[in-house]
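Q: Protein chains in written order, with the working numbering: chain A, 549 to 915; chain B, 549 to 915.
Careful, some of the hints might be misleading.
Only pairs whose alpha carbons sit at most 20 Å apart, straight line, appear in this in silico PhoX-like list of lysine-lysine [claimed, not checked]: (1) A:694 - A:646; (2) B:694 - B:717; (3) A:882 - B:785; (4) A:785 - B:882; (5) B:785 - B:769; (6) A:734 - A:806.
Calculated from the structure, these hints are not laboratory results.
Number of protein chains: 2
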Amino acid sequence: MTDPKSNKQPIYNFGAGPACLPVDVLEQIRDDIPDWYEGMSIMEISHRLPVFMELTQSIEQDLRSLLTIPDEFAVLFMHGGARTQFSAVPLNLLNGSKVADYLVTGHWSDLAYQDAQRYCQPHLVASSKEEHYTKIPEEKEWNFSKQGAYLHYTDNETIHGVEFPHPPKVKDKWLISDMTSNILTKPIDFSSYGLIYASAQKNLGIAGITVVIVRKELLGKEHPFTPPTMSYAFCEKTQSMGNTSPVFCWYVLGLVLKWVKKQGNCETLANACKQKSTLIYDVIDNSNNFYISPVVKEYRSRVNVPFRLPSAELETLFLNEANAIGLKQLKGHKTVGGCRASLYNAMPLEGVEKLAEFMKEFEKTRG
Amino acid sequence: MTDPKSNKQPIYNFGAGPACLPVDVLEQIRDDIPDWYEGMSIMEISHRLPVFMELTQSIEQDLRSLLTIPDEFAVLFMHGGARTQFSAVPLNLLNGSKVADYLVTGHWSDLAYQDAQRYCQPHLVASSKEEHYTKIPEEKEWNFSKQGAYLHYTDNETIHGVEFPHPPKVKDKWLISDMTSNILTKPIDFSSYGLIYASAQKNLGIAGITVVIVRKELLGKEHPFTPPTMSYAFCEKTQSMGNTSPVFCWYVLGLVLKWVKKQGNCETLANACKQKSTLIYDVIDNSNNFYISPVVKEYRSRVNVPFRLPSAELETLFLNEANAIGLKQLKGHKTVGGCRASLYNAMPLEGVEKLAEFMKEFEKTRG
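Next comes chain A alone, as it looks inside the complex (with noise of 0.2 Å):
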């Protein structure tokens, strides 16, 4: 993202990740380059250098502050992306039991419900499949196992806009979520908890790590044939430093923690997200069905923002309209077509606010 400040054409990046990054976060990278420590640049760093040991130390103080995580929780820092953890969550969490209870509201929560298949039963609690993934199902249709070793959701999911208003209720069993999309965006209730994941290309930093927020008594039960860079206790044992860390990503991962810091709290950040998220679905509503938002209005996300338009030939122009004035990535994703605008916590307020005015301009002429 180039600096708005800057006198060139501002560019602001509505893809859903790698998304874009704050533009102090790059200015700091590229200042870091090529010394970071004594003449070395923090890609050249070994990941046992006591001045990097100390980073990763303050990053998981930052996200404990930002967050609120509580003791009882262990934080990991993981290669790889939220599809390992579709595997690793099994593989670490079933502790013998064959069922396992699966929300499926998307393209990511099913993704996840088959990834499981490889290692037990999972076991559909509700899907909306049917519905192609507007809504969550209501709570009052859902059904439970007896034995299933956790509940599995995703608490956004990227491609179908779909978000939980609030976190599923469960009883005597643990909630396992992928954050992945809306981590950092609002306060989280740790108590009905036993692992939160999220991997870091929206609002963390960069793709090649994964956050993991898992409560420690749930260490150790991991199936034999976890990998050990798999294994949840592994990573909790070496500080996650049981084999190379990616120490690029890591870094990275913390200059945007910093800067999350000075936003302010997850209230701050919840707040900024309603607003981002308000100004597009206030102009999709008022838009007389030019635009149209496939998602049921109580359950859309405050994070990535589908939409259609009247037609393919539209949706064509329209994108290509935006990227000429400096709109970049609004393509929806393969699997849905249409459009989808990404505003995550880097995403900045004037962005946002581009964009409404150049969907309201391109309605009133097009439409």
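Given the coordinates of chain A, work out where chain B should sit on it, guided by the hints.
A: This is chain B only, laid out in the frame that chain A set:
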């Protein structure tokens, strides 16, 4: 690493990995921030954008051309480091067999052997553990299993500085090799290999991505418990984009390969490697045992040169004085202590010459 052409004291980083990057590569990375494509940095680019997919194809082509990789091999770019491959290899390649053969010649091959115990009964072909990993066991003493699915070995042991002078001779099974620390430092005859892997942070770029070169006929026989992100067949089918790729790590790998191509071919690189390591070994061998290389001469590594001084006090002094004049990260791995100079492709000859001079001077004044 700072530019040797600048006015600052040149910094030479002898770390074993994450290791030094070529100055040109660091400058290119800095120049590409914040605008790599249409006003976005490479860290903010979707892995699905055509411009990124074209980049990854050219990276694969560069690697294929540098190493002369035959068409019957797939080239995969996977999340994480070599440790993940210690599990991925048996998960993907056992193909129902309960045995696989392992040669143990240092810390990493021993860890690969141990991790394999999660998935099979690995058969110890030979080990130099009792000789403190100072040699490769004599081939005539090797004891192969009859049924072993493959033979795993580590072509160069980063910690112990032991390197195979030529590939192990095998019959009736494929060679599987961890070449993390010496890939791209010599030509490879692929005819005996089933699979070669290398994490990037030594000769290929930065931590967070691993290259896997695998014979296509071995794909698709993975254990049902293999996580999709660790399945070679899945990675091949999805062009290593089955989930969000570590975009930045992949891009740096591409820059390093372009830089390597400018240096020449694998023969050129092998010569440079030989020249640099000979400089240091000559200092060691001419020091009247002031410096000691623990490794039997014919198995000395051309990329990792561990050495001892007469006392722990002298080693500390050596490391401190070296550090003060810009010779960085010469400390040996914590498991073995002492000193170690890593001489990967990005380490310029001038750096090695400066180290050799310093070693001679230190010996003269303290010896």
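Q: Hints first: check each against the structure and report whether it holds.
A: Results of checking the hints against the structure:
{"no.": "1", "hint": "A:694 - A:646", "in the structure": "holds, 11 Å"}
{"no.": "2", "hint": "B:694 - B:717", "in the structure": "holds, 15 Å"}
{"no.": "3", "hint": "A:882 - B:785", "in the structure": "holds, 17 Å"}
{"no.": "4", "hint": "A:785 - B:882", "in the structure": "holds, 17 Å"}
{"no.": "5", "hint": "B:785 - B:769", "in the structure": "holds, 14 Å"}
{"no.": "6", "hint": "A:734 - A:806", "in the structure": "holds, 17 Å"}
When the structure is compared with the earlier hints, no violation turns up for any of them.
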